[in-house]
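Position chain U against the provided structure of chain X, taking the given hints into account.
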Amino acid sequence: MGGREHIIEVKDLVKKFGSFTANDRLTFHVERGEIFGFLGANGAGKTTAMRILCGLSYPTSGEIQVAGHDVYREREKIKKKIGYMSQKFSLYEDLTVSENIRLYAGIYGLGRKQIASREEQLLERLGLTHIRNRLIGKIPLGWKQKLAFSVAIFHQPAVVFLDEPTGGVDPITRRQFWEMIHDATEEGITVFVTTHYMDEAEYCDRVSIMVDGRIDALDTPAALKQQFDSKNMNEVFLKLARS
Amino acid sequence: MKRFFGFVKKEFQHIFRDKRTLLILFGLPIVMIILFGFVVSTEIRDVEVGIWDRSMDQASIRATQKIFSSGYFITAGYIDHEEEIGELFRSGRAKVVVVFEEGFERNLLRENHAAIKIVTDASDANAAQLTLTYLQGVLMNYFQSQNRDVEMPWSIDIKSRMFYNEEMKGVYMFIPGLMAMILMLISALMTSVTIAREKEFGTMELLLASPLKPREIILGKVTPYVVLSFTNAMTILLLGFFVFDVPVVGSIWLLMGECMLFITLALSLGVLISTIAKTQQMAMFMSLLGLMLPTILLSGFIFPIDNMPKVLQWFSAIMPPRWFIVIVKNIMLKGSGFAFIWKETLILFGMTLFFILAAVKRFQIRLN
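Chains X and U, in that order, give the protein sequences. First residue of the first sequence? That's 1 in our numbering, and the numbers climb one at a time after it. First residue of the second sequence? That's 1 in our numbering, and the numbers climb one at a time after it.
Hint data in this document are derived by calculation from the structure and do not stem from the laboratory. You can take every hint at face value.
If the Cβ cut is set under 8 angstroms, some of the chain X residues that face chain U in the computed set are:
| hint | residue |
| --- | --- |
| 1 | L56 |
| 2 | E76 |
| 3 | K80 |
| 4 | Q87 |
| 5 | K88 |
| 6 | Y92 |
| 7 | D94 |
| 8 | L95 |
| 9 | E99 |
| 10 | L103 |
| 11 | G106 |
| 12 | Y108 |
| 13 | G109 |
For lysine-lysine, the following DSS-like pairs were computed, each having C-alpha atoms within a straight-line distance of at most 30 angstroms:
| hint | chain 1 | residue 1 | chain 2 | residue 2 |
| --- | --- | --- | --- | --- |
| 14 | X | K138 | U | K9 |
| 15 | U | K213 | X | K88 |
| 16 | X | K16 | U | K361 |
| 17 | X | K77 | X | K11 |
Yeah, the Cβ is synthetic: ideal placement off N, Cα and C, and Gly gets one too.
Just chain X, with the same shape it has in the complex (with noise of 0.2 angstroms):
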């Protein structure tokens, strides 16, 4: 998948905060319409670049461009063209499926007409039709989750930044879940994941290991594996994080 365009461009990117070097020289790059996943143990600097990629926070230094633009002067650009779906579930508990929705949508420039039939669409699909008017905060967590995807990706974003989105979530809804993942990478959507289920980063296209603020691997799982001489990712990231 050489060829293809870079949605995420990411040069020399540091992140100091005081005298901690929470990012240190990252470089790499993500294409269009792939599922990159990003690892690393907690605490090993992936919240904070991720956090700068969605314009959340400033970089110490370095070249980063995300769909074409530039994170420190058009942060403004990059908002309307990216989701962002954070560690902590993130919709309204006192609002209901419907209205969380639309507060989204409007909230990314969506016209009326299209929130509704978009919404109608979406509601079919996760067959959350009959309970369209309940608060969220009533309904079952698995489906708080997806949903919460959904509306990170109802405005049709070029990437999506997911935050270890799978937390505390039972490995059927976790493998719904990734494949929800993969629907939309079909309609085009660029897919930016963190997380440390190592079993996870198999549904990835590519992903890179974090460790100590460093990226240390980046390739397709099956190269990884084939490098470090593992049967499966978590033999990858232990070897890695041992060295």
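Frame of chain X; chain U shown alone:
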């Protein structure tokens, strides 16, 4: 703009779906004003007075009648021993005893000098002081009216009038203070809590990652509270007017304008607190301790500023509600125009600007 309105609508939905918030928003002001208006009062009414009349002549009897026809006092009966004073106080049947000396009328006519002793139950010092003042007033009035045609070179003519609050009504004092307190509570406390809530639940991240600008998010969060605070301010004024007969002598428009200024100030304080507090609990705690207590204690709402120790007086000067209360009292009770309150207005304006700048600064630090 449509984006922004969608966001404001959502904020209203939060408010109207949360019973606790609703109760604080609409229940609290009404309960407070009724409580303060009816229960806590600085006026005296139906104070029981015991009479120990040792002369029982025309003058003393007239004076006694005068006391009971004043409307402030009711009789606790006559006594004729000194020991009975203590009994009356201990049993709670009287709060004050008036003693006329023997030969009261004779002394008054012959020597132009007669003594009345007033004994009060000072276990409630404030009430005793107030009762004493009232009684003196009533008696002075009476004897002066008796002596009107007599030329007395040495007589001192004391006339006291309670300007702007002729009837010494407690509500006159409480309405401006209550307005300050409730606006502070709703504007500062509620906004700080609602913004802290977005942080706590992680929705703030999502909003910040969206095309909404930070200032749109903050404005969107505070707009409903501006509307509600203003509604509340007007509710207090209306309740004051219709239930307690507290008038607005000055310009209502000026008063509304000053209310808006104070609401803006309180909101910016709320935003500032929310940039520091990480959770709803913490925001609530900071607002209550940092804003509500000083509003109640140091703003002159309940305790007169002039009676405070110097250090507390300085503290009081940096409390926004203090200046707001002065403004409201001036407009409502004295009917002062802007020319008399521009200084206080300027202070509030300066404070507002300071808090807004501080909040913006803190918000930017958070982003980086």
